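A.B. asks: Sequence:
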Amino acid sequence: MKRRLLTLLLTAVLLSSSMIACSDAPADEGTSGTPTASDAAAPADDTAAPEEETTMLEARRAEADNLPDKDFGGRNFTVIGTSSTDFEKYIHTEEQNGEGVNDAVYARNLSVEERYNAKVAYIDGSDHRTCTTTIANEIQAGDTSFDLIQYHVVSNSGNVLKGYYRSWSEVPHVDFSRPWWSDSNVDDLTINGKCYLAMGDFALSTIAQTYCMFYDKDAMVNYQIEDLYDVVKSGRWTLDFLKNMCETVYTDTNGDGAADELDYFGLASDQQSNYNTYLWACDNPIFVKNANGEHQFVYYSEHLVDVYNSCYDLLNNTTGVYSKMDHGSGMDLFSKYGTLTCNALLSGALTYLAEFEHDYGIIPYPKYDENQAEYKSMVDGSHEAMAVGKSATDLEFIGIMTEVLCAESYKEVLPTYYDVCLKQRYASSPRDAEMMDLCVNARVFDLGYVYDNWNGVAFYFQELLRAETFQDITSYYKGKEKAATKYYEKVIDKFYE
3 MKRRLLTLLL
13 TAVLLSSSMI
23 ACSDAPADEG
33 TSGTPTASDA
43 AAPADDTAAP
53 EEETTMLEAR
63 RAEADNLPDK
73 DFGGRNFTVI
83 GTSSTDFEKY
93 IHTEEQNGEG
103 VNDAVYARNL
113 SVEERYNAKV
123 AYIDGSDHRT
133 CTTTIANEIQ
143 AGDTSFDLIQ
153 YHVVSNSGNV
163 LKGYYRSWSE
173 VPHVDFSRPW
183 WSDSNVDDLT
193 INGKCYLAMG
203 DFALSTIAQT
213 YCMFYDKDAM
223 VNYQIEDLYD
233 VVKSGRWTLD
243 FLKNMCETVY
253 TDTNGDGAAD
263 ELDYFGLASD
273 QQSNYNTYLW
283 ACDNPIFVKN
293 ANGEHQFVYY
303 SEHLVDVYNS
313 CYDLLNNTTG
323 VYSKMDHGSG
333 MDLFSKYGTL
343 TCNALLSGAL
353 TYLAEFEHDY
363 GIIPYPKYDE
373 NQAEYKSMVD
383 GSHEAMAVGK
393 SATDLEFIGI
403 MTEVLCAESY
413 KEVLPTYYDV
423 CLKQRYASSP
433 RDAEMMDLCV
443 NARVFDLGYV
453 YDNWNGVAFY
463 FQELLRAETF
473 QDITSYYKGK
483 EKAATKYYEK
493 VIDKFYE
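Counting from 3, one number per residue, gives the positions in the sequence shown under the working numbering.
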């Protein structure tokens, strides 16, 4: 909660200085068959005072890390990760090139290197499966060529269960109460005082791979749809609201009587973890911590059945919903002005929206219904989780370097990432900032997903939702329940060895 409380203190003005790209281009009246906006009300002016933004950004930068002074003699602090997911660009870069995130990473590393006389280095572990094997082999051999392990969370958990990692509680100077660490490290991923996989801001992909929804503000006005920011803030952003909106917006643009890519949709999505995210968005965790601090396996319930049935109906039976198996297909259609909203990763803005001319917003996934207290989301399994191998010896070095890199990422790299991702530095809309903050704070790092390793229940939801025919989730789960329960018992037991 300490991280979230501090974030809320800095919320609208700080992140408004760094988040949403809001082009001033008017709606394209000829795009996707949308009507004109001549009779629609314009959004309210959200301009924030630049001096206030600067003050809040300075407050973030002023957060002291309280680390001791050390001279590490010019040695390398080496991180092993997966180049195949392109996340090494957030860890190490050789030179400045004028691109915002690259230069922020370069400046962060240079600052840390000068402070501690230690250079940040990177080992290319290739794809996540190869990286898992490489790490396991080297730790078994007592290798110390890398200091920090930082890659694909679902793969990474396999090495935890094999006993190859230390608990972060053994590493000095790492303080999970600080704002550059996720609350989930303590709330969800620590059992019996042990946390093997941690989420910190040095692993920028825990932000970049956050699932959210993009929407076209210009099209929203054209279709005279209620401002979705207002809908979210009022707690009315639910599956039913989304379903009704999709049916209202859908336009058979080419008039052929069939829903295809040439039409205009209310929602577009791929059928990968974009689908899976609805499980957590509708408040159906795999594990929860009870009043005694014990983790309980709570995946299956009547609520799960209701959530699954509602999501299946939304994604498979609703006019105005477009979906394909291909990764990024929803964001691709959105970038071509073919849908009002899409399910996507936050990083999708960098990949797909560089040339997007409409004004767009970012909101969380919808809740199951209005009785649900909070919006929730997940982070894609390809995001980095941080670990320390059993073969590591200089834990003070690892602790100081990891902590300072997380702290400096929080202060300098994250604000720059938001700027670049959303196209406008110091964006002047506190409403956009508030929604972005809500999406980031909605992240859930569920023990049952982090440690799934493709043996638990975490991927059942997307498998069933994208099936060609409806399947009863109760029957599907009951056929796998024994194996899944046994697997999660093994996970919990690992923390008590």
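Hints listed in this document are in silico derivations from the structure and should not be mistaken for laboratory results.
Warning: the hint list may mix true and false statements.
Derived DEER-like restraints, expressed as beta-carbon distance ranges [unchecked claim]:
id	residue 1	residue 2	range
1	K164	S85	33 to 39 Å
2	H305	T146	44 to 50 Å
3	K164	K484	49 to 55 Å
4	Q473	G144	46 to 52 Å
5	E483	D73	53 to 59 Å
6	D229	N318	47 to 53 Å
7	T146	D88	33 to 39 Å
8	A66	K492	24 to 30 Å
9	K164	H305	51 to 57 Å
Quantities reported herein were computed from a predicted structural model and do not represent experimental measurements.
Using N, Cα and C, we set each Cβ at its ideal position, and we do this for glycine too.
A.B. asks: Give a verdict on every hint.
C.D. replies: Going down the list of hints, with the structure as the test:
At about 23 Å, the CB distance of K164 to S85 disagrees with the hint of 33 to 39 Å. A hinted range of 44 to 50 Å for the beta carbons of H305 and T146 is consistent with their spacing of about 47 Å. Distance hint for K164 and K484: a CB-CB separation of about 23 Å, inconsistent with the stated range 49 to 55 Å. Remark: the range hint 46 to 52 Å for Q473 to G144 is upheld by a beta-carbon distance near 48 Å.
With their beta carbons about 56 Å apart, E483 and D73 fall inside the hinted range of 53 to 59 Å. Taking the beta carbon of each, D229 and N318 are about 28 Å apart, not inside 47 to 53 Å as hinted. About 27 Å separates the C-beta atoms of T146 and D88, a value inconsistent with the hinted range of 33 to 39 Å. The hint said 24 to 30 Å for the Cβ distance between A66 and K492, and at roughly 41 Å that hint is violated.
Separation of K164 from H305 is about 34 Å and departs from the stated range, judged on CB atoms against 51 to 57 Å.
Violated hints, listed in ascending order, are 1, 3, 6, 7, 8, 9; each of the other numbered hints is respected by the structure.
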